[in-house]
Amino acid sequence: MSEADARVLRGGSRVGTRSVWGRWGLRGVALFYLAALLIVPVGMIFYEAFKDGLGPPIEAITSPDGLHAFWLTLVCVGIAVPLNTVFGVITAIVLVRHRFRGKAVVNSLIDLPFAISPVVIGLALILIYGQDGWVGGTLEEWGIQVIFSTPGMVLATIFVSLPFVVREVMPVLQEIGTDQEQAAETLGASRWQTFWRVTLPAIRWGVAYGVVLATARALGEFGAVSVVSGKISGQTETLPLFVENEYTNFNLAGAYAAAILLAILALIVLFSMNLLRRNPEVEEGAAVFDPAATNVTEKEA
Amino acid sequence: MAAADTAVAKPPRAGLRVPLGGEALTRGVSLTWLSVIVLIPIAAVVSRSLDEGFAEFWAAISEPEAWAAIKLTVISSLIVVAINAVMGTLIAWVLVRDEFRGKGVVNSLIDLPFALPTIVAGLTLLALYGSDSPIGVEAAYTKVAVVLALLFVTLPFVVRAVQPVLMEIDEEMEEAAASLGAPNHRIFRSIILPNLTPAVIAGCALAFARAIGEFGSLVLLTGNIPFDTQVASVYIFGRIESDNVTGAAAVSVLLLAISVAILFALNLFGRWRSRHERG
Amino acid sequence: MDKPKGIEVSNVTKRFGSFVALDDVSIDVPAGGLTALLGPSGSGKSTLLRVIAGLEQPDEGTVVISGEDTTAVRVQDRNVGFVFQHYAAFKHMTVFDNVAFGLRIRGEGNGKIRERVGQLIELVHLQGFEKRFPNQLSGGQRQRMALARALAVEPKVLLLDEPFGALDAKVRQELRTWLRRLHDEVHVTTIFVTHDQEEAMEVAEQIVVMNDGRIEQSGGPRDLYEDPASEFVMSFVGPAHRLGDAWVRPHDVEIRHRPNGQTVEALIDRVVHLGFEVRVELTLADGEKFSVQLTREQVDELELGDGQIVFVRPRAARTFSVDGDRPREPEVV
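Protein chains in written order, with the numbering used here: chain A, 1 to 301; chain B, 1001 to 1279; chain C, 2001 to 2333.
Calculated from the structure, these hints are not laboratory results.
Ideal Cβ placement from N, Cα and C applies to all residues, glycine included.
Hints may contain errors.
Computed Cβ-Cβ distance ranges for the label pairs, DEER-style [what the hints assert, rightly or not]: (1) A/P82 x C/F2019: 47 to 57 Å; (2) A/R278 x B/V1046: 38 to 48 Å; (3) A/W192 x C/T2177: 58 to 68 Å.
The shape of chain A in the complex, shown without the other chains:
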């Protein structure tokens, strides 16, 4: 092997690292901060949930309201994520491969869900689909109720989870370039065949990662769904709303039980993220959305 490889394997010379003591000090501070802010609090709810045994939390979560909340959560996520995946891939292709004016505007629109308070999202939906909303009145005449009902909650979930697949797929598309697609076309593949057999497989890990992030976001959405749902127990509560409701009604067992469930789902998400990140095609930075990555206007494929 080359000497440089051997150095890397051993961990580099890293002249800029501090003395051993300094390193321990930094590490200690970092770990303490993370423990105090993150690890111990999360550990606490597991403790609180199970401190009286497995019974109470299971009972609480399998109550009719609990089960309904779980079901509603699945419905919202189950509709929002696939839709955002399909439209996300399309939008990514449009942004990376097509030329048109106004890309900056489109980019900003996609980033908007990152920048808006969830409560504002809820307000926006009410203003459109509510009784006195832009289309709400008309919809009600047709018997479709959006606000205080499931459709509204689904819309809110779609809004908040919109950017993730797009943002994960875009850098991958840029990375792979058009060579493979052009090669396929010279070999006679139709546009659809090229997309299905060449493009999609090439971006699949980006899509997967985006789906994981979108799902996490959709599962955990609270504010927007809160505003839009009216929080009617047993009818318009998702799991996060259920947590709040139980807590404010002093059903701590129920609150913690649902919280645990959501926390476990979150840990599964983390685990999936970790697995997928091993893949070199997955853009880690895109999760925090790197503004430089959205400068597609300059970097046309």
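Starting from the known structure of chain A, arrange chains B and C on it as the hints suggest.
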């Protein structure tokens, strides 16, 4: 071939045409989706806030309770961003340069605030720092609670922004500086930090935008006491519930404007940097 | 008067995990000299350079620079100038600030800094570029800046790690000549690492050939070429072919049309005209490929062409004993 054609070599036409009947159609589908889901609802908020005129808009924002909420939100977010700038960089440093067992787990945990529902985040902090706090730190229902919750949800931003840059830093630059006699702290100050600053700024901007809009983690933890621990998003929620939609819309537009301004500035900063790429 | 000492490396061993990068290596670099560490990838040459610089700590052995044992001294305190293959430019600083860095660390006054940096920028022909950033410079310019930066603090030793490896062939050539001239002017003990034997032969006064973490041979360019101590050195430092169990240089071989008892039969595959020289590619009776270097005149005289059967006779061949030790006396015929 005409001189004009050869003068400027055009890049190859890079159109993966999505097979749904043409580029225009796919573009249309995409834009329609974005408009219906995002653009139009936001337009509705802006429009509604101005429905009763600019004077009403202004009155709604400067209403004492609203203003108190806005102030609390902005100041807390600034404090949180400042803390994140330091702690986020420190944590990124430890994750990139240090080696210890369990580092991979710790690295994954950084994303927990992304994955955990905000309401659960609030609940976890309440469990540790609430009124029955097992460690005797009772920060709930105080302004400290606001900062605490915001620190939780904004944790990943600076860390994840700095990590890749730190990993990419040319180790040889540090070695060169050392060979020229620079002690370690000087290497950090003169070589590493300047290269990290853009990433820290980006992370801070994102964290700030996130912090001013935060809702779920604050509802349970802060007690939402008006003029004391009520943040802007909670105030907006209150106005919606009490049917003061103009008030809600006005403050919403204010928050929106701040976020958009920050992200716009960040975008400009990103473009400026890639143009003057100090590659 | 005592001659100023250069660098003495004694019995240095360096391991990276289970990989032994340097195995009991000892060399002497004369003060003020220009030495090349030559070897293939993985031979340990870069590691040796870095050990001398203090960027790596040896597991065993000592490094003595100018009479002082620096084995335990930090790189910051060794006062060595180091130039990296990929420049390691401080990309967030201007050319001026890059070159001034070492001086600023030492707390020199602004006036002195401006003067010294000015001198160096002139020395490396980068006048007018002071306010530019590294990414606005070409590769060759960046490397010249890196050299100026290293020389700014008047190091005792100048170490260059494959300094021209990342550059185009033409720029490489220019900088080689330029380095030689620079050394003539500045006279600082200089060691550079390269895998390019032509570069080593052209620039260095002393060449240390390394392989697999060990020193194969050390000497001047001519010594290594004409008196190689092992198969490895012979085939690395210049073109060489096996003929039976001897080694021959392509230009030390004669081609005849008739055997004379000392010749070996061969079939001409191809006669390649490379301008003044001609390379005749042959296959020997045992299937081995061989090539001989002749002048145009010789080829014309012999009327050589593809497909002919000819007879080759080495004028000078070397054999090395099996463990690569002292070679037997070369057969000069």
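Hint-by-hint comparison with the structure:
1. A/P82 x C/F2019: 47 to 57 Å: Holds, at about 50 Å.
2. A/R278 x B/V1046: 38 to 48 Å: holds (43 Å)
3. A/W192 x C/T2177: 58 to 68 Å: holds (60 Å)
Taken one by one, the earlier hints all hold for this structure without exception.
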